[in-house]
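Once you have looked at the hints, place chain B with the ligands on chain A.
Listed here are the chains, written in short residue letters.
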Amino acid sequence: MHVAHLSLTDFRSYASVELGLEPGVTAFVGPNGQGKTNLVEALGYVATHSSHRVAGDAPLVRQGATRAVIRCAVQRDDRRALIELEINPGRANRARLNRSPVPRARDVVGLLRTVLFAPEDLSLSKGDPSERRRFLDDLLVARAPRFAGVRADYDRVLKQRGALLRTAAQARRGSRSARRAESDTGFAAAGAGDVLSTLEVWDAHLARHGAELLRARLELIEALHPLVAGAYAALAPASAPATLAYRSTLSTGGDNDEGGELLEDAGERGSSAAQTLSTDLGKTLEERIRERLLEVRQSELERGVTLVGPHRDDLILGLGDLPARGYASHGESWSFALALRLAAYDLLRADGGDPVLILDDVFAELDTQRRRRLAEIVAPAEQVLITAAVPDDVPRELSGGRYDVAEGSVTRVR
Amino acid sequence: MYEGVVQNLIDELGLLPGVGPKSAQRIAFHLLAADPADVKRLAHALLEVKEKVRFCRTCGNVASEEECRICRDARRDTHVICVVEESKDVVAIEKTREFRGTYHVLGGAISPIDGVGPDDLRIRELMTRLADGRVTELILATDPNLEGEATATYLARLVKPMGVKVTRLASGLPVGGDLEYADEVTLGRAFEGRRLLDV
Ligand SMILES: Nc1ncnc2c1ncn2[C@@H]1O[C@H](COP(=O)(O)OP(=O)(O)O)[C@@H](O)[C@H]1O
Ligand SMILES: [Mg+2]
Ligand SMILES: [Zn+2]
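Chains as they are written, first to last, in UniProt numbering: chain A, 1 to 414; chain B, 1 to 199.
Only chain A is shown next, with the shape it has when bound in the complex (with noise of 0.2 Å):
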């Protein structure tokens, strides 16, 4: 797919601004502060529902705006799409399709499909556990919309389990010390008997949703396995081979904030990673989260936190027999940055619909050899979107189309 058509009004710094666009390569470019990533980030809204630079909307409307909307007209096949999204911060997005509204927002979610690449990658080798478990299930979700209603629903019961597991703490506290408890708890009618008998029936609906969740998480780390392995290697080719595990808190000596046990080689080995999570014992996921969740009951009682779940695993990736966070070069978590967005869009593409690339500024992090392989790898797609400071940080291979954006205006020039 391509877009074809581009129109913002009072996006980020955009009051009003059109753009043609092309199949092939399109390059942005101008100095920095000039408005190339909102050009691009306004696509990449359009495919997720969310920017890849702020965790919430208001920042993308224009300031002394109220609502900013974004247009783009895609085309797949023969088939051209309008979508039209009006963004409301705090309250609910609109969106017509084809000049039609639709009942949700959610509902155009999917229909543009975009890999953006751009220097906050970095941190998915190099950050948080948070990163890649964002990374992960933004893909499941690019994947197969269904998987935003059980991403939220799993974090509603965390939501919900953890203000009881919070209750009852502030009981067990106020057992030693009654009186400040009651002033405490705005509740001080649910007592510690409610709390236990309520537990279960959260503990059974966390282990439902968590379940689903995770088996979705390992099936997709056992595609990209492979497809990881192979743009690491492609990127970096004297480098030791890259690999991809999940350390899951439902492995047994786990109740250390780190998580689990590491469960080598998602991929490799055939046998699957959700068998050797449910133990040989034919245990479903389901099942075993369960009983994680007995074993921690005491430190989960204690802390008000809850212990077990996808919402503490990590994606652990490794070179060779190191793990990259921790002892990968600056150049080797680039290439292993941009290999997980690489098998992405290699799985994205075999489900059918070459999505749109983004490369917002990433040719200027690398060295040369990287961003010479970068640009082979990429330059087949259908539509490649680039943004750059100055023409030379564009690599020849990907010469094409290329429009100045400077204060604000974007011109075409070529």
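Since the hints were derived computationally from the structure, they do not count as laboratory data.
Treat the hints with care, as some may be off.
[As the list claims (entries may be wrong)] Selected chain B positions facing chain A (in silico; Cβ < 8 Å):
#1 I110
#2 S111
#3 P112
#4 I113
#5 G117
#6 P118
#7 L146
#8 T153
#9 Y154
[Unchecked claim] To spell it out: a stretch of chain A is covered by chain B in this simulated footprint if at least three of its residues, at any positions, have a beta carbon under 8 Å from a beta carbon of chain B; those stretches are:
#10 59–73
#11 151–160
Every residue, glycine too, gets a C-beta built ideally from N, C-alpha and C.
Relative to the frame of chain A, chain B with the ligands by itself:
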């Protein structure tokens, strides 16, 4: 601690569901600063609702007498109880004209975030109704969201030892909706929860 009457108000407000000490204090000072006419209207509304509306002593539905219209109706099947969260759910189910049994209104759903536990719902009253063994089926019609599901799970476990048949409303596609336009989450769940069709 504030002067007697102010602290009194804060204490009373703090007893309301979901109102902690901080909110109680905020509401109290809001009322202190408000126009006397507005506060009078609020006080009047509070008294009036207690005088004019009451809850069925059997099922908890809103009623104008001791028992609600449904519980007083001799044609209703008292062997089947349909459990709902609110009185407005009774109205919705009655509109379908499908159900001839009786209801039990819980008054909400279990939600730790809002400070609502089983003791805050009319669950003890439900157990009393089930105690004599005359009820043969309990239909759990709490909302098809997480809190409704959790409440249904809790009740199903509680009732299990009593040997009553427990069923759950099928959650799936909205009737009258077009399969093509159903959102994927709903459609996915509908597939998951599919059952054999008896023919
Ligand atoms: N909500 C907003 N309203 C107005 N201007 C904004 C808003 N958000 C960002 N900007 C401006 O956009 C510019 C950054 O644009 P960006 O696309 O990130 O630059 P670059 O060309 O370096 O990629 C900054 O000048 C910033 O002040
Ligand atoms: Mg930029
Ligand atoms: Zn009644």
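Checking hints one by one. Is B/I113 an interface residue toward chain A, by the C-beta closer than 8 Å rule? 5 Å, holds
Less than 8 Å between beta-carbons is the criterion; does B/L146 satisfy it with respect to chain A? Holds: closest Cβ of chain A sits about 5 Å from B/L146, inside 8 Å.
Cut-off 8 Å, C-beta pairs, minimum 3 residues; does the coverage of the segment 59–73 of chain A by chain B stand? It is violated: at least three residues are needed, and the segment 59–73 of chain A offers just 0 whose Cβ sits closer than 8 Å to chain B.
Is the interface hint satisfied for B/I110? The criterion is a beta-carbon contact with chain A at less than 8 Å. Since the shortest Cβ distance to chain A is 6 Å, the answer is holds.
With a cut-off of 8 Å, does the beta carbon of B/T153 approach a beta carbon of chain A closely enough for the hint to hold? This interface hint holds because 5 Å falls under the 8 Å limit.
Double-check B/Y154 for me: the hint is only fine if its C-beta lies closer than 8 Å to a C-beta in chain A. Check passed: Cβ of B/Y154 comes within 5 Å of chain A, closer than 8 Å.
If you take the shortest Cβ to Cβ gap from B/G117 to chain A, is it below 8 Å? 4 Å, holds
Chain A contact restraint on B/S111 - CB to CB distance below 8 Å: Since chain A brings a Cβ to about 7 Å from B/S111, closer than 8 Å, the hint holds.
Could you check if B/P112 really has its C-beta closer than 8 Å to a C-beta on chain A? Interface hint status for B/P112: holds (4 Å vs cutoff 8 Å).
Regarding the hint that B/P118 lies at the interface with chain A, is the smallest CB-CB distance below 8 Å? 6 Å, holds
Check of the segment 151–160 of chain A against chain B for coverage (Cβ-Cβ below 8 Å, three residues minimum): Since 5 is at least three, the answer is holds.
The structure fails hint 10 only (numbered hints given earlier).
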